[in-house]
Structures are given as C-alpha cells and as structure tokens.
Amino acid sequence: MEPKKINSKKYLFSFIITAIIFATAIYLSNYFSQKKLDEIRNIQDKISIDILSSETQFSLLEESLCKDLGTETLSSELGELENKLAYTENMRGVNDPEVTTLKRYYSLLEIKDYLLMNKISEKCNKTPLSIIYFYSTNNDCLDCEKEGYVLTKLRETYPDLRIYSFDYNLDLSAVRTLISINKTRNELPALIIKDKTYYGFQSIEDLEKNVPELRLLRNTKTATSTTATSTKKN
Amino acid sequence: MYEATNTITYILLFISLYFEVFILITYFENRLEIKKEENYVSLGLKKYPTVTIIVPCWNEELTVSKTVHSLLALDYPKNKLKIMVIDDGSTDKTWEKIQKFKNNPQVEIHTKANGGKYTALNFGISKLNSDLVGCLDADSYVHKDALKNIATYFQDKETMAVAPSVGLWQPKGPLQLLQKVDYAFGIFNRKMFHFLQAVYITPGPFSIFRLSVFKKLGGYRHAHNTEDIEIALRMQKNGYKIVHAHNAMVYTVAPNSLRKLLKQRTRWVYGFIKNAGDYRHMFFKREYGNLGVFILPMAAISIISILTIASISIFGILNSLVNKYLEIQTVGLSFHWPFSRFEWFYVNTEIMSIIAIVAATGTITMIVVSKRMAEGKFNFGMDLIYFLTLYMFIAPLWIGKAVYNVIFSVKASWR
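Sequences listed follow chains A and B, in order.
Read in order, the letters of the first sequence are residues 0 to 233 in numbering that gives the first Met the number 0.
Read in order, the letters of the second sequence are residues 0 to 414 in numbering that gives the first Met the number 0.
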C-alpha cells in the first residue's frame with residue numbers, strides 16, 4: 000500500500016496562524032488590562048486631588064459658615080472606584096500584585112475621606128453616619144459575600160450613607176491602626192457604626208433596627224452622588 | 000487548581016483553534032475544486048454501472064414504503080438498479096407492507112431471523128452481483144439525482160466508496176431544527192475530509208461501495224452498532240479511497256425528542272470511541288496520511304475538549320446561579336437593566352474571551368459555507384439560533400453518556 004501524502008507545510012502554516020492568533024489575543028488582553036488599570040489609577044488620582052481640595056477648602060473656610068461645607072464636598076467617585084476595583088479583583092484574582100497595590104491606595108483614600116467627613120461633621124455639629132466594614136477575601140469568611148450584597152443594597156437605598164470597606168488582612172499600617180483603635184477582632188464580617196462594632200452577618204432589617212438614623216437618610220433628597228461602598232461583589 | 004484548569008483550557012482551546020484553522024485553510028485551498036467537481040458531475044455518466052440498494056428494515060412499517068418509493072423514483076436506468084428489501088425479523092407489519100413491491104421487477108424482498116442491521120446487509124451482499132452496492136435505512140429518503148451523482152465519482156477507478164450528503168427530512172421544532180444545522184456542518188466537514196483523503200464514516204443512509212470491497216475485505220461487522228464507522232476505517236486501513244459526493248442528497252428523519260436524540264448520538268459517539276480503540280494502531284501513523292496523523296487524533300481529542308470546556312462553562316454558570324440565589328435570598332430580587340450605562344471597562348477582555356470570539360467567528364464561517372453547500376444558499380433562520388444557543392448545552396450530554404458507557408462497559412443499543 001502506498002502511503003498517503005501529507006502536506007507538512009499546511010500543518011506548519013496552520014500552526015503559525017494559530018500561534019499568531021493566540022499571541023495577538025495575549026497582547027490585546029494585556030493591552031486592555033493595562034488600560035483598565037490606568038483608568039483605576041486615574042480615578043484614584045482624581046479622588047486624591049478631590050480630597051486634597053476638600054481639605055484645603057476646609058482650612059480656607061475654617062471661619063466660614065457651615066452652609067459652605069457639607070458632605071457633598073467629599074469626593075463623589077469612591078463608589079465608582081470601588082466597583083471597578085471589585086471587578087478587577089474578580090477578573091485578576093485576589094492575589095494579583097497590581098490589585099493589592101490598588102487596594103492599598105484605595106484604602107488610604109477611604110480613610111482620608113472618613114477623617115475629612117468627621118472633621119466637617121464636627122465643625123458643623125452634625126452626627127456623621129458612616130459604616131466601616133471589615134471583610135476578608137480568604138475562604139474563612141463565608142458571610143462576607145452576603146454582607147457585601149446587604150451593603151450594596153444599603154448604598155442603593157441610602158445614597159448619602161458613606162460605607163468604607165477594608166480588607167481585614169490587607170498589609171497596610173493605616174488599616175492596621177484603624178483596626179487597633181477600634182479594637183476590631185478577627186471575627187468577620189465586622190461593621191462599625193457610631194463607634195459600636197457588630198460582628199457576624201447583619202441583614203438590612205438588623206441594621207435598620209440598630210441604626211434608626213438610617214431611616215432619616217431615606218427621606219434626604221440631596222443630589223449627592225454615592226461614595227465608598229461595600230466590597231466583595233461578584 | 001485554578002492555574003491547572005486554566006492551563007488545560009488554554010491547551011484545549013489552542014488545539015481546537017488549530018483544527019478550525021486547518022479545516023478553514025483546507026476549504027479555501029479547495030473551494031474552486033468544489034465547483035469543478037460540480038461541473039464534472041453535471042456532465043453525466045458515460046456508462047451506468049449496475050447498482051443494488053439494500054434496505055434493511057426492522058419494525059419500519061411506517062416509513063419503509065416511502066423509502067422504497069423514493070428509490071424507485073431515482074433518476075437512474077431501471078435495468079441497472081435493483082432494490083433489495085430485507086426484513087430483519089420485524090415484529091410489526093413491515094413484512095406485510097413490503098409485499099406490495101413483490102411484483103415489481105426492480106424490487107426483491109427477503110425476510111430473515113432478526114440478527115441486527117449488519118447481518119441483514121451481509122445477507123443481501125451475499126445474494127448479489129452488481130458493480131456497486133449501497134444501503135438505505137428504512138427511515139431515509141433519497142433525492143432523485145443522488146445515485147446518478149454518486150455513480151459519476153466511480154468513473155475514477157481508484158474510488159472504492161462514495162459517501163453522500165445527509166440532510167434532514169422536513170425538520171420541525173427546535174430540536175430537529177438545531178440538528179439541521181448540525182447535519183449541514185457534517186456535510187462541510189465530510190467534504191473537507193474528502194480533500195484530506197480522511198473520510199472515516201460512510202453513513203448508513205446511501206453510502207455506495209464497489210462490491211469488490213466486501214469480496215476482498217469481508218462483510219459488515221457488528222462494530223458496536225456503528226458498522227458505518229468500522230467499514231470506513233477498515234477501508235482506510237487497507238488504503239481504499241473513499242470520497243464524498245456533496246451534491247448527492249439523502250434525507251433522514253431526525254429524532255423528535257431529546258431522549259431519542261440522546262440515544263442516537265450516544266450510540267454514534269460510543270461507536271466511534273470503541274471503533275477508534277479497535278483501530279488505535281492507525282493513530283499518529285504517517286502511512287494513513289491526514290487521517291492517521293491528524294483527523295482521528297483530533298476527533299478523539301474533541302471528545303475531551305467538549306467535555307472539559309462544557310464542564311468548566313457549566314461550573315461557571317452554576318456558580319453564577321448560586322451567587323445570584325444567595326443575593327436574592329439575602330436582599331431580595333432587584334432588577335438592573337444591564338445596558339443602562341455601558342462602560343467598556345466591564346467588557347471581558349481576558350485572553351479566553353478574545354480566543355472564544357475568534358473561534359466563534361471561524362465556526363460561524365463554517366456554518367455559512369455548510370448551509371450554502373447543503374441548501375444552495377445561506378439564510379439566517381431559527382435553525383441557526385437554536386443551534387448556536389442550545390447545541391453547546393446538549394452535545395456534552397451524549398458525549399458524557401457515551402464516555403460513561405465506554406468506561407463502565409454499558410453497551411449502546413439501537414432503540
């Protein structure tokens with residue numbers, strides 16, 4: 000029997016085309032990934048400038064009336080940043096070094112925003128209403144996923160509520176300090192509202208019951224955009 | 000674990016894309032050849048060879064008459080065509096139904112004890128002496144030009160068997176319509192295998208052989224209920240040329256329920272795996288040409304690819320559903336219109352997504368060409384929508400079942 004002919008060139012040509020398609024896909028994917036990271040960095044820079052601007056404004060107007068200063072002066076893009084960061088974390092994985100760096104920067108911005116909000120509220124004799132939320136991306140916090148949904152829902156229901164979320168295990172001294180001054184135990188999820196810490200899963204009903212001020216926010220019709228929010232979204 | 004799954008997926012994606020690229024190159028290399036073949040067939044035959052078509056039937060009382068009538072209507076000299084209807088021990092009224100043909104000089108009817116399709120075929124082959132012999136399942140119908148077109152290919156002395164194009168008989172409903180695209184896809188693939196000299200299935204409905212094939216290689220074998228794969232592999236092993244006549248249409252009735260479809264496809268995949276096992280010595284052997292070094296190994300790998308990629312996709316979908324359930328359970332149902340505010344940031348630009356888009360484009364190109372070959376034109380209908388949306392979810396069912404049957408030695412049955 001005569002052996003059948005094989006066109007080796009076609010096999011090689013097909014391999015080269017497939018390899019080119021794969022290489023192009025890898026290049027495009029990296030290119031878009033980089034673009035997305037750049038976008039996150041741009042938002043972070045903008046927030047940083049916003050916060051600095053608000054702080055400066057605060058110093059300049061120290062003697063001015065409270066009507067010139069309100070929570071609306073705080074950066075309005077923390078919410079968008081959080082969403083994009085959560086998406087990137089989902090796509091690239093929690094251990095991605097770029098994601099970790101971005102999260103550290105984001106956490107610092109949240110703390111600065113939190114401090115500024117407290118200062119403004121103090122000057123204007125307002126009781127600040129915010130939630131500090133500690134979560135973990137390790138598999139040891141089964142309820143963090145659910146708490147994330149609750150906080151996202153709260154943000155939608157109460158756009159003026161400021162929610163600051165922190166990865167409990169993030170290696171950042173400012174976050175560690177925040178944990179130690181609040182004496183927050185590693186029993187996650189943990190929520191700090193008006194200096195009181197709540198451990199374990201808290202439903203919307205639980206939170207509305209424990210923090211009656213939330214209901215007042217429902218009626219507030221300010222045009223302020225959303226801010227920092229829960230994390231661990233999917 | 001995540002890394003390992005990713006690596007396996009990338010390797011399988013690369014292999015699948017490589018196969019797609021190879022087949023598309025084969026198409027572009029040979030598309031003028033397809034036209035030439037059509038012109039050659041249209042010239043007609045110089046001399047008509049004698050042909051016997053065996054119709055094996057077992058409990059086919061509803062369709063057998065129509066099948067025989069479609070054979071009698073073939074545009075082929077009556078003195079050159081004989082139809083041999085063999086009742087393989089039916090328990091319904093098949094024998095009664097075929098009595099009406101007993102006085103037709105073109106038709107011979109026989110009955111025998113039930114032994115399976117391959118025994119009925121061998122029974123028929125042992126009683127004939129025509130140049131060519133073929134088989135038509137009793138649930139299939141032929142186009143009137145099919146035999147004439149097929150016979151043209153036998154003008155090449157080296158051609159030992161010709162496989163037809165199999166289409167669906169009056170498909171209705173989502174399940175049959177999605178199979179219509181699958182059959183069209185099959186026509187395209189078989190034509191490409193024809194150019195690669197790697198046709199490894201001579202389909203049950205209306206594949207035609209030189210009688211000498213059976214005289215030299217022996218009759219049909221049980222071959223795990225897929226004698227049409229075995230005979231083709233046996234011929235390829237012995238260096239016999241099998242070609243595909245894309246313009247010879249034969250129509251078969253498609254399963255109309257998921258259960259029947261699963262049963263039929265499980266038998267096909269099971270039969271392929273078992274026969275591939277029996278002919279494993281052909282794998283990666285240059286002497287068997289493209290069939291040995293590429294097509295057979297790819298057919299085997301595609302089973303692993305489909306199962307792996309489907310498992311990963313189904314796991315992903317289930318994971319999303321569980322998360323959605325958890326969300327609804329926690330905060331209730333809230334609907335967000337997903338495109339209310341489009342942002343490119345949330346477009347998935349992972350490597351796998353980009354490759355999937357390229358692969359899908361290749362597949363759609365092949366479907367367009369397939370439909371053109373099968374139907375003479377491309378029209379975008381519900382069949383395509385059903386195929387693109389449902390096929391990827393149901394195909395893994397029969398592939399998985401067939402693999403299970405092979406591993407746990409569960410024999411496939413006809414019905």
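Honestly, the hints are just simulated from the structure, not real lab data.
Possibly wrong hints are sitting among the right ones.
[As the list claims (entries may be wrong)] List of simulated lysine-lysine pairs, PhoX-like, C-alpha gap at most 25 angstroms: (1) B:Lys215 / A:Lys3; (2) B:Lys284 / B:Lys236; (3) B:Lys35 / A:Lys145; (4) A:Lys4 / B:Lys323.
Practice task
Take the C-alpha atoms of Lys284 of chain B and Lys236 of chain B, compute the straight-line distance between them, and say whether it is at most 25 angstroms.
Solution key: Distance of about 11 angstroms is within 25 angstroms: holds.
query = Are the Cα positions of Lys215 of chain B and Lys3 of chain A separated by 25 angstroms at most?
reply = Distance ~21 angstroms between Lys215 of chain B and Lys3 of chain A Cα, so the pair holds.
Subject >> Given hint Lys145 of chain A paired with Lys35 of chain B - CA-CA distance at most 25 angstroms >> reply: 65 angstroms, violated
TODO: Given the hint that Lys4 of chain A pairs with Lys323 of chain B, test it: the Cα-Cα distance must not exceed 25 angstroms.
DONE: Given pair Lys4 of chain A, Lys323 of chain B is violated - Cα atoms ~55 angstroms apart, limit 25 angstroms.
Checked against the numbered hints given earlier, the structure breaks hints 3 and 4 and satisfies all the rest.
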